[in-house]
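Engineer: Starting from the structure of chain Y, add chain R where the hints point.
Protein chains: 2
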Amino acid sequence: MSKTNITATGQALWTKMPKASAELFALTYGALVTEIIRDYENINDVNSQLEKIGHSIGIRCVDEFLSKSELAGFVIPTCKNMRDTAEVVAKGGFKMFLGIPCEVANFNADGKAFSLIIYENPLSIFVEIPSTSEEFRGEDLSSICYSNIYCGIVRGVLESVNIKVICTFVKDVLKGDDVNEIRVEVKEILTDGAGDDYKEE
Amino acid sequence: MSKTNITATGQALWTKMPKASAELFALTYGALVTEIIRDYENINDVNSQLEKIGHSIGIRCVDEFLSKSELAGFVIPTCKNMRDTAEVVAKGGFKMFLGIPCEVANFNADGKAFSLIIYENPLSIFVEIPSTSEEFRGEDLSSICYSNIYCGIVRGVLESVNIKVICTFVKDVLKGDDVNEIRVEVKEILTDGAGDDYKEE
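From first to last, the protein sequence lines are chains Y and R.
Heads up: the first sequence begins at 9 in the numbering used here, then just goes up one per residue.
Heads up: the second sequence begins at 9 in the numbering used here, then just goes up one per residue.
There's no promise every hint is true.
[What the hints assert, rightly or not] To be clear about the criterion: a stretch of chain Y counts as covered by chain R if any three or more of its residues have a C-beta under 8 Å from a C-beta of chain R, and this derived list gives those stretches:
| no. | stretch |
| --- | --- |
| 1 | 23 to 32 |
| 2 | 41 to 52 |
| 3 | 102 to 116 |
[To be verified] Computed spacing ranges between beta-carbons, pair by pair:
| no. | chain 1 | residue 1 | chain 2 | residue 2 | range |
| --- | --- | --- | --- | --- | --- |
| 4 | R | R46 | Y | S151 | 17 to 25 Å |
| 5 | Y | T42 | R | I84 | 24 to 32 Å |
| 6 | R | A117 | Y | D148 | 51 to 59 Å |
Source of the hints: derived by calculation from the structure; they are not laboratory data.
Predicted, not measured: the structure shown is a model, and the values here were computed from it.
Using N, Cα and C, we set each Cβ at its ideal position, and we do this for glycine too.
Next comes chain Y alone, as it looks inside the complex (with noise of 0.2 Å):
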């Protein structure tokens, strides 16, 4: 699979897609946050049920993804390798939804785990995370991963291709890294067989 190809089908989908100000979508992700923060009662929550909403926006992207490239006459190159996987969701549907550029690095020697490295993060434009918070019963704030909705986009939309990942920020520009990455580590592959089960019963 060429590099160059998806990279150009993803760049002409974002041209193609309906668009919002970034900004408001910044602020409106701002105030979801903000009212998970209000409702649950601990850091490790928030983070987990941002990465849910993530998930179920996932399912949907895939979809999107696949039937806008194909009626823009576009063709999705077969992933023959997490590799190739990978490049698609970093270069297709990382520009086609956000239009930021995302890098695939730090693939382990089995192939199973990488990392997707965002440089730019449009849901943090607005944001500081304060070390203490009064309104979250002054807990300590600095463990939310704030753009964690993310990861579960990159889960949704690799379950939906029969691929169970676990996705977690390891790295995040709001806490003072230099780049956002997020660590991708595949658990199971469901293969065509998995259906067989389901008959047995």
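Structural biologist: Quick look at chain R alone, frame taken from chain Y:
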């Protein structure tokens, strides 16, 4: 003030705005509405909360609008009356932040109430309002003003320029109307002299 001018300015500002996918924005807003429905006791409170969130976004939007126009070399015409102000909100603000056309209509005789007509609502592209919902403890969801954030945004924007208004969704495509109509009623215009009260304290 020329209508063409402000329409062109709104269009030019929209072109310059950083963008996100309208679909991702709509899905994120949907997640926000869902969280709020889960949190609040009744639908009136849900509507108020959406309006309140819009209000704080509106206050930010007006700064963005003014600073971006200035940076881009556009002169926002002085609004001599509510008709001018309404045109700037509709043709400038709505276009800049949502990329959609918005019309001013139905000014009342004293010029203190008007409607903003929105034909396409990017927030509601994936939405159908159920008449009842188990998730909302069986209560009727049909009185939800799904896009009430707009009302808050308009209130926040106008408050920032010293005009106190109340905004209400009077027509909603989600409820079967042919257009979306937000009624804007001016309650008070704070003049420069308002500071005098402050001094007296």
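Engineer: Compare the structure with each hint and give your call.
Structural biologist: Checked hints:
1. 23 to 32: That given contact holds, which follows from 8 residues of the stretch 23 to 32 of chain Y lying within Cβ reach (below 8 Å) of chain R.
2. 41 to 52: holds (count 4)
3. 102 to 116: holds (count 4)
4. R46/R x S151/Y: 17 to 25 Å: Holds, at about 23 Å.
5. T42/Y x I84/R: 24 to 32 Å: About 30 Å separates the Cβ atoms of T42/Y and I84/R, which means 24 to 32 Å holds.
6. A117/R x D148/Y: 51 to 59 Å: The hint (51 to 59 Å, Cβ to Cβ) holds, given that A117/R and D148/Y are roughly 57 Å apart.
In the structure shown, no violation is registered for any of the earlier numbered hints.
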